[in-house]
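A.B. asks: The chain contents come next:
2 protein chains.
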Amino acid sequence: MEFAELIKTSKVDHVVLSRPFLQPVKGTLCITSHHLLLSSRAGEKEELWLLIRNIDAIEKSVQNLGGYHSIKFVNQQNGDRFAGSSGIITVKCKDLCVMYLEIPGMEECLNIARSIEALSSLESTSHMYPFFYRPKKLNLQEGWDLFTPEQQFTKLSIHTDNWRLSYVNKDFTVCTTYPDAVIVHKSIDDTALTTVARFRQGGRFPVFSYYHKKNGMVIMRSSQPLTGANGKRCKEDECFLAAVLQADKKGYIIDTRSIQAAHQAKVKGGGFESKANYQNWKRLHRPIDRGRVLQESLSKLVDACNDQSNSIDRWLSKLEASKWLSHVKTILTTACLAAQCVDREGAAVLIHGSEGRDSTLQLTSLAQIILDPDCRSISGFQALIEREWLQAGHPIQLRCASSAYSHAKLKQEAPVFLIFLDCCWQMSCQFPCSFEFNEYFLITLFEHAYASCFGTFLCNTEKERFILNVKEKTISIWAWMNSPCERKQYLNPLYENNSLTIWPSVAPQSLQLWQGLFLRWNRSTEHLNEAWEQINQIMEHSKTKSSPTNTELPVPEEDYARD
Amino acid sequence: MEFAELIKTSKVDHVVLSRPFLQPVKGTLCITSHHLLLSSRAGEKEELWLLIRNIDAIEKSVQNLGGYHSIKFVNQQNGDRFAGSSGIITVKCKDLCVMYLEIPGMEECLNIARSIEALSSLESTSHMYPFFYRPKKLNLQEGWDLFTPEQQFTKLSIHTDNWRLSYVNKDFTVCTTYPDAVIVHKSIDDTALTTVARFRQGGRFPVFSYYHKKNGMVIMRSSQPLTGANGKRCKEDECFLAAVLQADKKGYIIDTRSIQAAHQAKVKGGGFESKANYQNWKRLHRPIDRGRVLQESLSKLVDACNDQSNSIDRWLSKLEASKWLSHVKTILTTACLAAQCVDREGAAVLIHGSEGRDSTLQLTSLAQIILDPDCRSISGFQALIEREWLQAGHPIQLRCASSAYSHAKLKQEAPVFLIFLDCCWQMSCQFPCSFEFNEYFLITLFEHAYASCFGTFLCNTEKERFILNVKEKTISIWAWMNSPCERKQYLNPLYENNSLTIWPSVAPQSLQLWQGLFLRWNRSTEHLNEAWEQINQIMEHSKTKSSPTNTELPVPEEDYARD
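Protein chains in written order, with the numbering used here: chain P, 10 to 572; chain A, 10 to 572.
Given that identical chains are not distinguished, each listed pair holds provided it fits within a single copy or across any two copies.
Heads up, simulated DSBU-like pairs for lysine-lysine below, C-alpha to C-alpha not over 35 Å straight-line:
(1) Lys244 to Lys472
(2) Lys275 to Lys258
(3) Lys275 to Lys259
(4) Lys35 to Lys223
(5) Lys327 to Lys309
(6) Lys332 to Lys309
(7) Lys179 to Lys480
(8) Lys482 to Lys17
(9) Lys17 to Lys146
(10) Lys222 to Lys195
If you are wondering where the hints come from, they were derived from the structure by calculation, not from laboratory data.
Input sequences plus hints: build the corresponding full structure.
C.D. replies: In structure tokens, the structure reads:
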């Protein structure tokens, strides 16, 4: 496929770009295979450098003497009617920004719009920008080998020898959504694992997720057991879970579905672990919304945030109606429950819903942030995202295919990862000294999950990444984020490493709207940026005074993220 | 009157004090004339040192084997029925804290409750604690002469000679709610002022409030003109206002009542400036709620904040229903309007409602914070409070007589000053580098406005302060707040003096609940305090490195606020 075929018009002069809280700029608009560029004729720098994959939706309208009209139904023929008028393209981005392009001439406007639509609807992953992005300062190898199952296992081995690294899935045949290496209990061999995999949806047999050093308890995750309506059993599955519980210990299975939903799942071949067959495991049902419900919640929230109406009542009603904070609360509450089972009850925990690729991962990752101070460091958080989201098979490319504005009613999109980031942000507000990273770090991850020049958030499973050679042909976001000049932007000046668990308050009054993300484009950031610069200056000041603890080599500042 | 007569029981042993997020403490409870003390027998320090004036409401209940019962209707006789039980006194403070005292023996409990009720309902100002408070480190003279009308006039004289200092009110006979000296236009003599005073409610003739250096425009304030139903006129009043507008200049009268309310006021002898008689003055009606409406809003807000229910929906509904943020928005919006008239329209502004002692002062003071960088410094803000609130005759003792919990339906209470502080906080969030002080500074002012060991917020007018010798017999809060070890707690580490006006966003999404004040007791502050300590350490670090700009003498740290 040639990108050139999709680009109806590659260059238009006298285009006016309007963005919130910035002066409009006039310049030349160019469309390349992956970017929308606007170069102001005044200066030399590009005023806009927008990844087309970041575009969530576009709307066309025509501006003439009579004002604006939607041109949803304008076609080539009656396009002539608007000759001499300007066309306005409203560009709604996945990072929630909304901008306007005023394009002289309807014909040009429609061509630009068609080009954007064609380019942004390309579905082939190997045609995406990360496969073409080759910055000088970053190389293809860097970052990909930072967080492997092998390294995770090596760390675990320091504390316990109850677990082993299995390569039963080395060619992704046992479970297509697991990585090639997984950590399982030493009592179960690979043959038994294969049997268990057949008894769990999508082959997602229970795997190790987290080891709590304080008491040796673990968190595991899986998919639902395929008991079906007839209550099918799997000896190996039962033995595996029994073996995890040493003598006298108990375990909790946190099922992210309601009891009703779990029972209904039986009809379709799914099910849950019965009390009788899984002794000493207590099942807790904590329903967590997923899929369409979350996606609609995000759309409603962003709609509320963009509402220009002037009434506080209306704003708070819409915020409430979006249910976003209710979702945040439910997930954070359930993650606390999982963490409590481990830390306070001294019990093992197995988490699953149906597939175990969405809410399950929200819980395992948030529980680790609560329990494990390492996960609150920059590199620990990156490791957590690698192992609990990417390697664990969260279908991130499908889930983040569209954001709050898209009208395309795909069934796979859901802000599962964004809610996880929001929960992290809530905790960072309540524990301002406990996180090495700041809000900007989380916002950057949000942006790149939805549209990126890096390969990290491409594909839905490790298998897909393997097939497309993502780790050989694209650059890892960690290589970029960990470069010294980038990394320092993500540092929380108040961070003090401490070895404690953090128990967030989930009282409604304690949970706030993440303004830095959701209102980012709806307010002037001039004064907040000024504050941030001030903070950095103070930190530089106090750092130069104290003895250097950072042995990283200085690297010349450069914008790595642009090619 | 002897305080001793009111104290039925001055000392009870084995009392248990419970406060949110703190371990319960057992100790001896003492009641003194002005304080509730609890000394734990374990340590030497007092665990509780509560000004009785800080108590907004108390509730009694009885704890026995059957649980808790309200003892609203328990009297001395059937008090015996509860012999052996513990009584619980719920103490609800004006600073919004709620605490519980478990007192062994119903008789003792009732006596303690009666004593608190008697002591906290004392109305005589000269019996209040500031008249008895004599700390070693502070003296009576300090702080009272920091911000006088004379000093304000001296500063004004640098820029213009259009205004003069009048002592027409030197014995408070022309206007009982004005200070002895006021700044008025040079064109009007004291005889004419006396005439104008008779034409304005409560004698509050138009006085100078703010001079905008950039264009020489002023803000003035007054009460409503007493035109009455027959449209009475006052030549001197009209001439005064005409003289303020130099040739070709226009003025805006911002009336804080709706047009309807302003018309209705005529029936009761009040009124407004008609277009015909006040040429070049344009009247803008911007209704601002006051009195009972605000007080109910505060009660509802605090009720929502204390709601233990677990639902986000309910929380947001109650927050919305309280209307608190709507009031904040309206007042901030109108203050912006006043500031715009001065700064952008180059016009003079006169602000009044009916009396000109509440919403009028909210607007004149907030407009100054927007326009004048000096008001955003610590001493400038103190000066603002002195001249625009205390000297201007805001009835602060009446307004702050009770806070959110009191059931006493007095008509005079209203959180007028608290909303002003909230508006300041909203601005400080939007302009994090523009205020010399931090949130704690504003919270401290809130606390002391409602209950204080200092005399600053006593009385409702300068006349009352004069009669009671407040400035000779009590200590000024500024003496304490400006002592070096106190002052450093109020500093905003990000402050950078700049000479710009600040235009706050009043979009609903930009206004937030002031968590630091309203949720202060509903959340654990451990981690926020830790963050604050961390910030102070960083600041100390960066300060010791940079050259000292602060020439204040070091003073040993000591808690000045406790006697």
